[in-house]
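Residues per chain, in single letters:
There are 2 protein chains.
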Amino acid sequence: MHFEKVAIVGVGLIGGSFSLALKEKKLCGRVVGTGRSAANMKAALARGAIDAIEADAVAAVRDADLVLIAAPVAQFEKIFLAIGPHLGTECLVMDAGSTKRDVVSAAKKGLGGKISQFVPAHPIAGAEKSGAAAASADLFRGRRLVLTPLKENREKDVKTIADLWTAIGARVSRMTPEEHDGVFAAVSHLPHLLAYALVDDISARPDAPRLFCYAAGGFRDFTRIASSHPEMWRDICMANSDRLLAELRLFEKKLKTIGAMLEKGDAAALEKLFGDARLARERWLKGEYE
Amino acid sequence: MHFEKVAIVGVGLIGGSFSLALKEKKLCGRVVGTGRSAANMKAALARGAIDAIEADAVAAVRDADLVLIAAPVAQFEKIFLAIGPHLGTECLVMDAGSTKRDVVSAAKKGLGGKISQFVPAHPIAGAEKSGAAAASADLFRGRRLVLTPLKENREKDVKTIADLWTAIGARVSRMTPEEHDGVFAAVSHLPHLLAYALVDDISARPDAPRLFCYAAGGFRDFTRIASSHPEMWRDICMANSDRLLAELRLFEKKLKTIGAMLEKGDAAALEKLFGDARLARERWLKGEYE
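Heads up: the protein sequence lines correspond to chains A and B, in order. What the first sequence shows, in the working numbering, is residues 1 to 290, in sequence order. What the second sequence shows, in the working numbering, is residues 1 to 290, in sequence order.
Since the hints were made in silico from the structure, they are not lab data. Don't take every hint at face value.
Same chains, same names: a pair is fine if it fits in one copy or spans any two.
[What the hints assert, rightly or not] Quick list of in silico lysine-lysine cross-link-like pairs, DSSO-like style, CA-CA up to 30 Å:
#, residue 1, residue 2
1, 256, 129
2, 253, 264
3, 264, 5
4, 151, 42
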């Protein structure tokens, strides 16, 4: 398994880390990158995450045998449409998008007859840091990587992509794009929305400075993901809005239930809920759900 | 400033850490403790957090010149009623409760004419760990300590308590019990409720194992406070239910607003909210609100 020329479209935390990991494992020859921010691309070059900066995605994918699209998901359709005609017939394409149904639909539109070359992928390795400067060859080590293969894919190509991510330390699993978007609406997209909502709720008040003054470690950890990239999360929320709304409705129902416990002074019900939640979290931390 | 005999009622994370810190700074002679769990009390003794275990609060406070009540807040009234008649006239009493209006009311009921000896205190040093085994002399270093003095207090006593917490590293400030409960409903009690709610929301589903399987670092940090002590948080939520409900309503309104943005596909509004929240959090982390 070796790729002569790898093209990274969007060399941020994920794209840059992927490239560094490939290089560390000697799984690739040359890596070229392209992206919107000149400063970030220079940082990527300086870090050795890429060997050359290309002006656009079309120039980047020329003669590539592997392409990773790691831009915010709202840009995918434009990117697929641009690169489609320029992909070699043996070139494999994958993405790192946090949503999958929209990405697959954009790929079908943009790649047309070359759709079989595209294997949708989602590395579960977000961080509140972004940009090539934060990239690290270790980012995917021990982290999950979800593939949502298409019926058009050749199994051998899916296996190549799976082996590639395994080689750089990821734990690869497969599901459908629909399953994927449901799962991540619950365990990732909703928590991000809630963290943003809480910080916004507090920061918009006249006494925000005093409130922040007394916010401590619990608040810091709870809101860590509210330091995530706003554009990236806008795109994720928009692309997965139906599943995210469904999760939001479930959560609102849960809050209604808890509000009623508070109103009725039902201390026993509240303690049971807290205890159940703590226990479930402990089981999760112990790896009982792996 | 030196206390010959200190009594700790409830020698958990907070009570144990307070005692260890006093000993480290040589601010006390003997420390005795009492608590409900024999195993925990033995751990406290083994760690050197206390020098002796007393059978109950009444025995513990006899001849003490400083008492710290660090039990779950629902037990305070019973404790104050029990110790009231046995407090020496020069003995100072303080607590470590996370709510203040209820604590003050319980103290007034229980201490009667000795209410001037009680200085309400709240160290902002929670952790998802609990028990004497997790105690540390460093727990309060750099952390905030809020005093909510009573009009009955002598200023000299309030100053003694403030100096004591300052000596073990805390940053002391003052507010009224009402202000306190409003501030902490927003920045502490609501986030705890939301974290518990999210874990419970997910763990109650038939596909919980698979969902947890894909929960990653963001989820872990967001829900860290859902590993907090259920009984302690039941008591806090009950004691401060009016302010907490008010915060919950505000948050539900915020979620309605965000839900409408998702429904309308208002990507710009969502991105602005995310960006504003991230900026506010960054300013907070930089200490701009201190």
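So, going through the hints one by one against the coordinates:
In the homo-oligomer, the alpha carbons of residue 256 and residue 129 lie at most 30 Å apart only across protomers (28 Å), although the nearest pairing inside one protomer, at 34 Å, exceeds that limit. Proximity of residue 253 and residue 264 under a CA criterion of 30 Å is satisfied in both settings, with 17 Å inside one chain copy and 21 Å between copies. For the identical chains of this complex, residue 264 and residue 5 are neighbours neither inside a copy (65 Å) nor across copies (42 Å), given an alpha-carbon limit of 30 Å. Within a single copy, residue 151 and residue 42 get their C-alpha atoms no closer than 38 Å, and across copies no closer than 62 Å, so neither meets the 30 Å cut-off.
Violated hints, in rising order: 3 and 4; the structure is consistent with all others.
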